[in-house]
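*Asks:* Residues per chain are reported as follows:
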Amino acid sequence: MNDVVEIRDLTVSFATDAGQVQAVDGVSLSVHPGEVLAVVGESGSGKTVTAKTILGLLPETARVRGAVVLSSKDGTTEGDVVTMSGARLRQVRGRDAAMVFQEPSTALNPVYPVGWQIIEGLRAHGKYTKAEARAKAIDVMRRVGIPDPEERIDHYPHQFSGGQKQRIVIAQALILDPGVIVADEPTTALDVTVQAEILDLLRRCRDEFGAAVVLITHNMGVVADLADRVAVMYQGKLVEQAPVRELFATPREPYTQQLLAAVPRIGEGLARAHERAARRADDWAQQTPVVQAHDLRIVYPGRFRRPDFVAVDGVDLAIRPGEVLGLVGESGSGKTTIGRAMAGLTRVSGGSLQVLGVELRGVHERDFRPVRGRIGFVFQDPATSFNPLLTIAECVAEPLVVHGRAENPADARTRVDELLEAVQLPKAFGARFPHELSGGQRQRASLARALALDPELLIADEPTSALDVSVQARVLDLFDELHRELGFAALFISHDLAVVDMLADRIAVLHHGKLVEEGTGDEVLGSPRDPYTQRLLASLPVPDPVEQAGRRAEWERLRAAEA
Amino acid sequence: MAASTATATASAVPQRSRLARLPVVAQLRQSVGLQRGMLVGGLVLTGIFLLTAAFAPVLAPYGYAQLRDASGSFGAQQPPSAEHLLGTTVGGYDVLSRVIWGARTAFLVIVVAVVASILVGVLLGLISGYFGGWLDRIMVMIADAIYAFPSLLLAIVLAIVISGGQSSMWGGIFAAALSITVIFIPQYLRVTRSEVIRIKSEAFVESARVIGAGHVRIMTRHVLRNSTRTLPLILTLNASEAILTLAGLGFLGFGIEPTAAAEWGYDLNKSLSDVTAGIWWTSVFPGLAIVLVVLGLTLVGESLNDLADPRLRKRAAGPEPVEDLGVELPEQQEGER
Amino acid sequence: MSVAVDTPPETTTKESGGSLGRYILVRALLIIPTVFILVTTVFLLMRTTGDPITASQGGRLPPDQLAERIHAAGYDRPLITQYLEYLGGILRGDFGTTLSDRRPVTEVLLTFGSATLELAIYALIVAFLLGIPLGRLAAYHRDKAPDAVLRVSAILAYATPVFFAGLLLKLIFSVWLGVLPVAGRASTRAELTMQKLDNPTGIYLIDAIRTGDPAVIGDVLTHAVLPALTLGLLTAGVFLRLVRTNVISTFGAGYVEAARSRGVPERRLLRKHAYKPALIPIITVIGLQIALLLGGAVLTETTFEWKGLGFQLAQYLQARDFVAVQGIVAVLAVIVALTNFIVDVIAALIDPRVRY
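Residue numbers (my numbering), protein chains in the order written: chain A, 1 to 563; chain B, 1 to 337; chain C, 1 to 356.
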């Protein structure tokens, strides 16, 4: 049986203001029928561009050379997508290959009902009566797991949750029974628990529908869970290709090895945690906590008769000097809200939150301001963390100028240089603008700014979530090193348990605004007591296919028990 | 083989020259095809306008209120000839001279109108967007009310108020300019406000808040400077509307007396009756002048707007800088492993 | 067997279909402060340099006669009293009485309003028929020749002052070619015929049809062509650019690429996916165009001697009758506010996100 997709020596470059940019450089790949091929890589690897060529979805500014041969599911027809005519291309799209996108909310048109959008794809490839089309749509919706499809087929996209929207997008892809489904980071925008469900659905696409899946992702855990074969890309080139177990067990290329080594695994942080505990003073547990929250409530008032949204609902926690507390939860859990409240960005509605001795409930800015110099904050998105019109040095010097340690940024130059060096950035970067730095470099500069005044408390809100795996590993190492040197207390917020495990002394798990579990890494990750934590842990894919297979069985058992 | 051009390593970021970073020049280099044509065309027309306004005394053959010269009075409604290249008006003035001098009047109106409204509008938008609350809501309501009002009617009312009718040059200029100001303050307010609101929630502004920077510092250093993306378009729109309103007022009889200055709208008002008699030169030339100036300004504004909005641009600005991981790549392989 | 575990978004606490009703109510309530602000602005502006009588007769009457007239009209009372009386009048529908011909402004409105309404409708028809399809065409052929031509034409339409466009059209079609009438809404003969109807509506096209006389209908139509084109082309240009920009940006949306990946043909993508969502913000802007239209109407009517509200306004201006001017402007402000409200409601009806 032929390969469903055969990519031969593909080269793609784009026209930009700065000249031609090479995105894909001489890549050759095949996708066998009914297999899941994971194409893995970080930013700039060219994996998305490669996948899009399968459907001929590149913009006009792209120059493509090479061949991408796509066969129909039954193997009777095939054609080269690169040279295909427009009409033929339209025939082939949806019928032989279909795509699932990263952001389900932008993949669905908000002004048409979902059923209409599913049927549209169907009708683009054949004649169906209204009744026939509707029946097929309802059927495929049921098979992807949407409850009450007969009714929900007429609903609009905004009436569904994120995970359900993604199921609908997958339904749109499945309705014509294509030979290959190209899934571009299909679960990146979803919570871990929802991600597990969608991965399961994609597995069923392979098993029940017989479709091959080209899975584009940067998440090695997802790869270990779903893939049969893996192709690793870096800077537009294909670095390594192997069956999944082989790749994880014995990676051959240095880049693959580095990539796999950089992925955080649960349990790895144990050694570091013990080391940190040993370094502390004996009377540490008795010292006054840097942060103390008691029955903390934060409520966002509703508008126009919408009910109030309770973001944080009665949380108790404490952070002692020099301790790193990892705050974990999915979207809507309230973890970011707590971090912001501690930094004085969000108001406390009820209970008590004391930071460095100042009670934040009902506090006036003038009482909190002196304390601000003792707090540092690192934001999630490196792209917007800096004023695009100021140089890095000016940005890093800001805390020093605001709190009077320097007259102006030029004055603070020595200290800025010191800080940049501490975060392993060359001094010359101070004169650059934020858009001239990469994501990882910007996050390090962000750390430098947060540490400018040598704070006692550092709050980091998902600081590595927007970074590539390799870069993330470096930034986390840096964080650990700085913590060892400077000894600040820290609140580390993340949705990724494995990342938190690498750094935290204690871990707190939040679910819908409530604190459901708290303890050391050993306790929370080794033997969780709360069912939500258990489900969270079970849903998290580990970057080891053998182990993951076992965990998946466990996850399915847990899910069945809940039903 | 060396790393692909997609990565920017520690030293390889190209520094563009200072000249290339000036606002319009940068756009000229970025634009392509039609967008560039529009921008260039607009700049040329605007350039001609500005030069004419500046050098009017030199360029115009006669004064704007001149009725006679050494060889006698000009005569009314004379068709184009050697002495009067574009003919004379019903009042006996030289059309060409009044068209050229009119550029100067138009220019003055634009300057007054734009300066007044931009300062007030942007400031109000900044305050309204940054502080929010009831102050913001009230300002938005007032702005929306005024914004929806027919600008010409408001201009008429203001013209009556300021000048009580026809008047001196500065009276007429101020009437038109201030009425435009009133109309455009809400525009600048809305545009600035929505940018400010967007910027306000960006991480770097929150970072400044966490650090403890005061409101003034945040507003000036962080918010205001980043909120000016759409101003060029509004500015050219403002300028165009100023001229159109001035002309409109002139047309309705609220223009500037010919003895005080040359104004295109006034000339068009006087030429209305000429048209039925088939006399075309008294109306076509002033009208054409208006069209060309507004055309030039609007073309510049539209193309600047196109280039500033990433969705409307045809190609990207450049590759994203990517971290250099110092990894060696495998040798280029022929087939699969 | 359990299916999806994830929960729907915050709207589970269901706001029923009454969200639309609530939206309409809120918008309706907002008209009041809007009108209030506008009407007050007009009043304040007019009174800042004294009273209308001085403004109009200032240089022409001896001071004692002037003072007498001012007193008789009540303009020497405290400003607040005048203001309250003004507001009260408006609430009763009384917008004042003109100085020059002693008519209540509301009567002026009723007499001449239908002419302006007719012109506005013609102009809007022209604008819709030209602007929207051409805007779509321009978006479809983005950055190619048709787009270039259309965009520049639209900008040209904006750059040409309404009265100049009218003048040119008059020059070409009425004077040089002589195929269309120079001015007015209809010939005297046609007007006389229409006046003989019971209850003439004032809208000439309707009245002409009612007379059943083809000559009259033709007459009315030929008189309407130039003014309608003049006013309509300006608005058409605005619509064109608006539609173009909106369609281009919705065309770049994620869901369009998603649909393309399923093999949906490009034409359909443009029509169904890009075009329809782009219309919603356009409808809101149309409301603002009404304001533009009214301003343009004043100029167009003056150019073509189209005896509508705008033409009357210009006449009052010439006569320096500022009470009339103030009254008419205030009326128009109210009309604009009401129109915006209607437009907002229509936009809300079309957008399912507001409805459900």
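Treat the hints with care, as some may be off.
A short list of chain C residues far from chain A (calculated; beta carbon distances all over 12 Å) [unchecked claim]:
hint, residue
1, 65
2, 209
3, 263
4, 318
5, 350
Straight-line distance between alpha carbons at most 25 Å, and here's what the computed DSS-like set of lysine-lysine pairs gives [claimed, not checked]:
hint, chain 1, residue 1, chain 2, residue 2
6, A, 52, C, 272
7, C, 144, C, 307
8, C, 276, A, 130
9, C, 276, C, 144
10, C, 276, C, 196
11, C, 144, A, 136
12, A, 127, C, 272
13, C, 196, A, 130
Just so you know, the hints here were simulated from the structure itself, not pulled from any lab data.
The structure presented is a predicted model; accordingly, all values stated were derived computationally and were not measured.
We treat Cβ as the ideally placed atom computed from N, Cα and C, and that holds for glycine.
*Asks:* With reference to the structure, classify each hint as holding or not holding.
*Replies:* Hint by hint, here is what the structure shows:
no., hint, result
1, 65, "59 Å, holds"
2, 209, "38 Å, holds"
3, 263, "4 Å, violated"
4, 318, "50 Å, holds"
5, 350, "8 Å, violated"
6, A/52 with C/272, "24 Å, holds"
7, C/144 with C/307, "43 Å, violated"
8, C/276 with A/130, "22 Å, holds"
9, C/276 with C/144, "23 Å, holds"
10, C/276 with C/196, "46 Å, violated"
11, C/144 with A/136, "41 Å, violated"
12, A/127 with C/272, "19 Å, holds"
13, C/196 with A/130, "56 Å, violated"
Of the numbered hints listed earlier, those contradicted by the structure are 3, 5, 7, 10, 11, 13.
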